[in-house]
Amino acid sequence: MKQLLKEIRHNPLLWSLALIPVLFACHRLKPESHTLLWVLSVFAIVPLAGLLSLATESVAARTGDAAGGLLTATLGNLAELVIALAALRAGQYMLVKATIAGAIVTNTLFVLGVSFLLGGLKHHVQEYNRVNARFQVGLLFLATVALLIPSAVGEADSAAGAAFAQKLSVALAVLLLAAYGMGMWFSLKTHRELFASAASGESSEALLPIGLALGTLAGVTLLVALVSEVFVDSVQQAAVAFGMTPVFVGFIVVSLVGGAAEMGSAFSGARKNRLDLSVGIALGSASQIALFVAPVLVLLSHVLGPAEMDLQFWPGAVVMMLIATMAASLVTSSGRSAWFLGVFVLMVYLIFAMTLYVLPPRVHEIPRLHAL
Amino acid sequence: MKQLLKEIRHNPLLWSLALIPVLFACHRLKPESHTLLWVLSVFAIVPLAGLLSLATESVAARTGDAAGGLLTATLGNLAELVIALAALRAGQYMLVKATIAGAIVTNTLFVLGVSFLLGGLKHHVQEYNRVNARFQVGLLFLATVALLIPSAVGEADSAAGAAFAQKLSVALAVLLLAAYGMGMWFSLKTHRELFASAASGESSEALLPIGLALGTLAGVTLLVALVSEVFVDSVQQAAVAFGMTPVFVGFIVVSLVGGAAEMGSAFSGARKNRLDLSVGIALGSASQIALFVAPVLVLLSHVLGPAEMDLQFWPGAVVMMLIATMAASLVTSSGRSAWFLGVFVLMVYLIFAMTLYVLPPRVHEIPRLHAL
Amino acid sequence: MKQLLKEIRHNPLLWSLALIPVLFACHRLKPESHTLLWVLSVFAIVPLAGLLSLATESVAARTGDAAGGLLTATLGNLAELVIALAALRAGQYMLVKATIAGAIVTNTLFVLGVSFLLGGLKHHVQEYNRVNARFQVGLLFLATVALLIPSAVGEADSAAGAAFAQKLSVALAVLLLAAYGMGMWFSLKTHRELFASAASGESSEALLPIGLALGTLAGVTLLVALVSEVFVDSVQQAAVAFGMTPVFVGFIVVSLVGGAAEMGSAFSGARKNRLDLSVGIALGSASQIALFVAPVLVLLSHVLGPAEMDLQFWPGAVVMMLIATMAASLVTSSGRSAWFLGVFVLMVYLIFAMTLYVLPPRVHEIPRLHAL
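Chains as they are written, first to last, in the numbering used here: chain A, 16 to 387; chain B, 16 to 387; chain C, 16 to 387.
Among the hints, erroneous ones may be present.
No copy labels: a pair is met if it fits in one copy or bridges any two.
Said to hold, decoys possible - Mimicking DSS-like on lysine-lysine, the simulated pairs with C-alpha atoms at most 30 angstroms apart in a straight line are:
id, residue 1, residue 2
1, Lys204, Lys137
2, Lys204, Lys287
3, Lys17, Lys287
Hint data in this document are derived by calculation from the structure and do not stem from the laboratory.
So that you can see chain A by itself, here it is in the shape it has in the complex (with noise of 0.2 angstroms):
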């Protein structure tokens, strides 16, 4: 404990902790109050993902960094489910949906993409563990072919359709399910020797000692949880505010703000020469919210929801996350990594983001928080 709190004595960017008691009672005294609370919501995750970077390396350094990456992006997306589950409850299907596909594109391009520029800036030429890119790339093809297939092979629009999507919809996520889970048995059990690291990087010098990091990133998870949930009520008014359309706001904002905490531990994991860490919190984390998160939330929808959730997207959503898959493919083929490969895997980010940015709002039938 006197450790965490030398290291947030030492870190001048964890001050900014303070600013969490600040926004949970502004949340309640004015809750009106959008754009302040939305700034108050951006200023306060920055903090949580430092502090959360600092106890997965503690971690992954006892565990290895691939089941550490798999560890943080667990963390990370158990608070995108908690969220999740509130929209659900509330009926929002579009608002879940939007979220989902986002954060999955914003993994693959935007986390990989800034950890590999991140990291190629500091050392020439990185190595990591292609066996696990590759794994991590299958698994996303997976889930691509799960959303793609019912709508080139069916039709939405009739009544027909609609049954035959629903029916459809739960066979397919105790599919990806049961592909997810055996995935996991496969590079943690049976095959765990070809997921070992390829780059030993640096390590740390200031480690948490297990029990705290453990402790810390409980904490800190919760913590984030709790801050996206104000960070996702004021978006929408915010955004209106700065200008910006639904779309952009539901598939970008809030994927780059919901993501913060992940980012962090990528992104340092890089610049410490850790590209197995980074690699496997990016493309880890996407894998995990396409076939678990996803999933999950379609069965819960079932038990839980006022509808059912089904697992058809909308077209555009499906076309970016096939060209984020195979922008992953292309780029991790090798297992090297250089700088040029993060700015390509940005670019294709970028052209998703100014894309969704100019598009006009009337000409799409989506996911909108309007909805919500």
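Use these hints to put chains B and C onto chain A, whose structure you have.
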């Protein structure tokens, strides 16, 4: 001959060969009892598959695994060509196309996936010659492009579009045949050494002499063709009795049973750590159907048929072929296999099968065996 | 100078340089005899291509194959840029777009394919630096995504859609130019050593001195630009006389003849086992057109043109670019080549060419030179 009989006596599975005369007798006497004929023909194909697998191994032990795989695939596809010709002369173009697309997808995903899975459950990591795998994937990609481009570039609806598709199909058929011929020349003649087997594997103990093995191959292939014909005749009514949609039967059931013989060889090769044999059968059979069987049928339809068959496939089928090719490309890029790769490929196949299974019959305007 | 004349005297092909003044005279005196002008211009481009190939080799011998390939590609594309600017100022956006798409596909498939084939017919297996090939394929992928996403996500029909496309095109053009600039900086500066040639190959015996070589490069490029302009002027009427559809002319014929000069260098490099030169010209030229020429034209159209050119391409053209990129990715993943890889890539090109050749003129609403 004695050795063959001895093998049959020691292998209880082969006793069911006795079902074959029963099947033919029933077909003669009670041609309208479809469900009985269907069940009998499925059970008759299983022992034939076992016998074919034995003969193939005996031949492959002398020719090498790549050539042995090609031989098995060719014999299996000859049977399918014979059946398709019968359907063609009856003007059943939709059935022929459904069978072709289904056979390509089933070989690429199901046969490859089960081979990887069965092999991987026995052996921790298996190696195979990835040059051959990539070569076959390239041929499949070429065929998929030939089926995709006409519909992506032209318009199928108008009368001009139909004439365009007709004219183009003949040219594309000739081009695919030329590509296949040059590919065979490349892999069997000019660059044969690149296609040598990666791993030695166990050789079978009980090999048949080469003459007997070749004779068995030919004879069993003929029997498979005859039994398959009964199967195809009875499958539609039987499917209705079992509650399956026609499109599911055309794509999945016919392909699975029609390819049972090759599958036996592919799976037993994988168990014996001779994955080059399995990959050769799975991908070699798929590329042969796409680049040889389908073009030959198009060209023959101009000589034999009441009308011309073209190469315009149902868009959903083209998407499935494209995804199957991409999945095979992802999975074979390393030349190494473990059990989860098999699960991955099978999952893609399951997504296709599940989607076709729940597809409402009225929604699609495609391969229904009704049209036969 | 003497060496250049000696080279010309020894090389009968170069004698046809004498055709160039004849062509210009005819163009002046009989501007309406299109078929004659077309035939003359095709025959005039061939010797220029030969001369350009000689000069390129002389320069590449000093700069290395990768940089030499880039230089050749740049000079070839400068000529195309000049022609496109003329068309742009005349408001012929459709022609410019058809030429751009056709040049990308032709370089990626035809130039690469013929290089692999010609090289492979002389050498059993050829090696080249696959880092450069994958780098160029990545750039092409990026450009394809930039052309694909706006139409996959937005709607082109409505008025709002048109304004959206216009606004987005400028942003995408800036982004592609930035990606190209950073890519050049990466490959020529920070990570130059990764792009070194894989194989040494034969060096030419008859090298020109560097000054003369550079002068020849510049002079011949200018002549090619002038002759190409006559060619483009006459091609439409000549095409009708030869029975070709306008879309076939725009995509295939103009691209083949317009790129003849670079092709000469690429093919002769392949014969001399300097495949890095060929790959650098083929894929480097394609990516340069996609990420430099096309964006520059979009930006210049806002300064020069009567109206703005956008980056919205005919969907069929985008599909062909995507497939060309995937084919190049499949073929260059190993860094080794044999003759069949050339056949494979050429077959994809032939499928495109055949489809465009038989495409009924009324069916498509695209690049017709009519609109010129």
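Verification of the supplied hints:
no., hint, verdict
1, Lys204 with Lys137, "between (34 angstroms within a copy, 16 angstroms between copies)"
2, Lys204 with Lys287, "both (27 angstroms within a copy, 24 angstroms between copies)"
3, Lys17 with Lys287, "within (25 angstroms within a copy, 60 angstroms between copies)"
Of the hints listed earlier, there is not a single one the structure fails to meet.
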